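J.: Listed below are the residues making up each chain.
Protein chains: 2
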Amino acid sequence: MTSVVSSALDGFAAAVGADHVLTDEASLREFRDPFAHESWDDYTASAVVLPETVEEIQAIVRIANEHKVPLWTHGTGRNNGYGGPAPRVRGSVILSLRRMNRVLEINEELGYAVVEPGVRWFDLYEAIQAGGHELMLSVPDLGWGSVVGNTLDHGITYLPYGQDMAAQCGMEVVLPNGELLRTGMGAMPGNPSWHLYKRGLGPTPDQLFMQSNFGIVTKMGIWLMPNPECYMPLWLRVWHDDDLGPAVDTLRRLMLDRTIDHVPQFLSTILLASVMTKRELWHQGEGPIPDATIDRMGRELEIGRWMMRSGLYGDESVVDLRFEKVKEPFERIPGAEVWGTKYAPDQFPHIENAIERVQAGVPSLDLNEMTGWYGGEQGGHIGFSPVAPLVGRDALALRDLLRGMIEQQAGLDYMAALIPTNARSFVHVTLVIFDVQNEAQARGAYDTCKLLVREAAKQGYGEYRAHLDFMDLAAEQYSFNDHAFRRFNETIKDALDPNGILSPGKQGIWPKRMRESANGGS
Amino acid sequence: MTSVVSSALDGFAAAVGADHVLTDEASLREFRDPFAHESWDDYTASAVVLPETVEEIQAIVRIANEHKVPLWTHGTGRNNGYGGPAPRVRGSVILSLRRMNRVLEINEELGYAVVEPGVRWFDLYEAIQAGGHELMLSVPDLGWGSVVGNTLDHGITYLPYGQDMAAQCGMEVVLPNGELLRTGMGAMPGNPSWHLYKRGLGPTPDQLFMQSNFGIVTKMGIWLMPNPECYMPLWLRVWHDDDLGPAVDTLRRLMLDRTIDHVPQFLSTILLASVMTKRELWHQGEGPIPDATIDRMGRELEIGRWMMRSGLYGDESVVDLRFEKVKEPFERIPGAEVWGTKYAPDQFPHIENAIERVQAGVPSLDLNEMTGWYGGEQGGHIGFSPVAPLVGRDALALRDLLRGMIEQQAGLDYMAALIPTNARSFVHVTLVIFDVQNEAQARGAYDTCKLLVREAAKQGYGEYRAHLDFMDLAAEQYSFNDHAFRRFNETIKDALDPNGILSPGKQGIWPKRMRESANGGS
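So the protein lines, in turn, are chains A and B.
Quick note, the first sequence lines up with residues 636 to 1157 if you use the working numbering.
Quick note, the second sequence lines up with residues 636 to 1157 if you use the working numbering.
These aren't lab readings, by the way, just hints derived from the structure by calculation.
Quantities reported herein were computed from a predicted structural model and do not represent experimental measurements.
Please note that the accuracy of each hint is not assured.
One copy or two, it doesn't matter: identical chains are merged, so the pair holds either way.
Derived DSS-like pairs: lysine-lysine, alpha-carbon spacing no greater than 30 Å straight-line [stated by the list, open to error]:
{"hint": "1", "residue 1": "1093", "residue 2": "1147"}
{"hint": "2", "residue 1": "1085", "residue 2": "913"}
{"hint": "3", "residue 1": "960", "residue 2": "1093"}
{"hint": "4", "residue 1": "962", "residue 2": "1147"}
Whole structure, please, built from the sequences with the hints as guidance.
T.: Structure representation (structure tokens):
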């Protein structure tokens, strides 16, 4: 630890109390990337500061400016598959907002909540239930993350309001100079439309604070959907790998006409199998699992070659009409089957299937099982997640590219969730799963992902979110007009954060004083 | 004209051709606020430059930087009720993008178009029809404006994609330094998801270029909705002024559960009457029209005290179910009536009622009639448009505040369209209508609007968009934390546009060199 950091830590301790500044090795270990091999220390923090109030954050930011100490902010610090809570710059001080965990408001009449950044999906869900509110929260697959943190990282959730990640409305932000900003209608004192109308007068900066390092979000509005009369989780199963093409084209038409009106997923056989079983049950040899075995897994586990998880939400009479409308075109694919079960709101928490429960807005950790696929005591994964048009030919092209490279370069299994976040595009979440304690396997997974970044970009597919270990490389691919977008972000970064204290390197954005050494990919 | 401007004009002429630089008085007259009294010259331009290509815009921006000449950009320059094409700073050079009027792409499979900023709603609609595409465009009430210009000013459109003004996806922007930026996936060369996925890797700057002066948008993606099987324009009529309260509450519930899934309007008696008749038919005395007369207008024109225009879009079977669901709760209001007529897509262009046609995506100019209300040869209006929660008590409170001030301060009639741009909030568009040639009446209208800005803000209602003549005053009300939002915008403005050449004063954002003289309201 440098003496600069050390004297900043005295200031932090004065601001938040010495109990809330962690520097011992055991504590710091909890703030590493949980999926990094234990011998790796590229992304190790020097300390963790845990404020409880906005004023404490402002004080911390001012001290960090004085000492030019980089702060790496997180809500709860999950971010699994993308680097967890670890900072991009070794020796940064982690600003953990876990103690800022208050649900500040739930408004049933207008369907929204206001939360602090330490509030987890579990916490907000529980607060809604405890208040007896007839409202649904669009949640991600794992409920332990921060509502704010997930939203700021463009995280995907699955209910109707998950489309275009559009549930956020209105923010409060501590700027790098310590000033407090409220966005949208919140810029007017006492304006009751802060969390109701998505803009204000003048430009709307909210999305400037997502996937960036321009400010620290301290409050956020999130829209909640009134419970529908009926929710029907809906499944499609197809038996041939190339059925993915027509299935994607059918889904696009059904999403464009708003029959399917939320965020579904296409899941590959091995990904689904990894939640239900261990790999050794199916394959003991070297290299990736061959097609014939994947076919057998599909038959024996009754999960086919691809399944689509989806749902219908609304009045029961409308759900019934839509079910028929969905079933007919999908079942034109030979062997394809579509089925669903209807539930009323009081049944949602008791739905047995974890995926069906997540789609009903009930957070869970059940879907975390897959990372144990390769055995070992600790499974890990990297998310490699490019965006593509929601068209069958793109889905097949991307599958072929990614499967080929993951199998041939890394010798790992291709496990994919294709997630249409709207009717026009999907995120191909590739889960590159490995045994964290097998360093060679882990290193191979990271190296392969870096190759994938470049190869996917050559074909026009860019990542929606990038892992800490290849943020620079991923950002590097967004190079139109000799990196005009990077220069634009740098101009804003330098103007708002001249000392470069907030999350340097986040999503490839570096402050001036670190640019020469850091740019150009890792 | 200063010599600085004059030497810049030589440069502009060299860049775009002398024919495309206008300086004669007759031409400049066309670029005034059409509703300003002829004797007013606060917002008069010194010249108009009309480029045809992105490269020409870049050249103009570089010349403007050299000479520090302010450019005021518009698409087509309609912006009626908010200042038309006129610049905030007298003597600015208007950068008119009317010649950049190409529809660059229409993609039927994925439902989007890409347009240049001079493309009008009429143009894009016609291009969609000419291509035989089964797609609908969400249009505003008047079709002569620019698709890009309207979108950048947070303009309201009425089809399902009009909700939250969310149809825009992906931009190309000339920055104040002349550099070309592409946003979202467009920042990656050759990425086919530019107009399909609303974000990129890193922060999303699109909304930073709306209602601002940070760049010149040269290309924009806009989403188009597939034609539904059925569209049913839907009308609600209520007979008592206070019926607005329960009607608003009922609408909120029907929008929250997505039964009504587009942008409706509540229209006051006089606003509707102004489209159908002239004022002198009803009232010849001094002062605003009294309630008893408004009641009589409502009866004789069969428009009640408030009407709601709305629509249902979808499969006919679903539209039928939804019609029953809408009718029942509204008709619990004593005397209220709900009716609708079903149309198939091939009938949309032939629907007789202009409002019903606009809601079917067919652009029109029919709704421009209202400005002739006070007689005279030229009617004008100011849009005073605060945002409020979509709650009956707010609707009534805002009506009382605005009606009281417009009648008492200006002696004018209260004419209102309450427009829920989503299920949670509405824009109260107050049309302050006057005879442009009656200077005292016109001045009274402007003065009253300035009072309204302050009074509405005191009650927590802020404008969604501000007229040129009180942009500073409206922005002044967004004063949280001693104007932190203004300082934030100024920081970005100074970083991106150090010479302050792009649209100085737009939405209250001034560049450094003009700040001392300009700030503090008009």
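J.: With identical chains, the pair residue 1085 and residue 913 could be close in the same copy or across copies; at 30 Å between alpha carbons, which is it: within, between, both, or neither?
T.: So residue 1085 and residue 913 pass the 30 Å test inside one copy only (27 Å; across, 70 Å).
J.: Can you tell me if residue 960 and residue 1093 fall within 30 Å by alpha carbon in one copy, between copies, both or neither?
T.: For residue 960 and residue 1093, neither the intra-copy (38 Å) nor the inter-copy (51 Å) Cα distance is at most 30 Å.
J.: Should residue 1093 paired with residue 1147 be assigned to within, between, both, or neither, using CA atoms and 30 Å as the limit?
T.: The answer is within: 29 Å in one copy meets 30 Å, while 42 Å across copies does not.
J.: Between residue 962 and residue 1147, at a C-alpha cutoff of 30 Å, which is it: within one copy, between copies, both, or neither?
T.: So residue 962 and residue 1147 fail the 30 Å test inside a copy (55 Å) and across (61 Å) alike.
In this structure, the earlier hints numbered 3 and 4 are contradicted, and the remaining ones agree with it.
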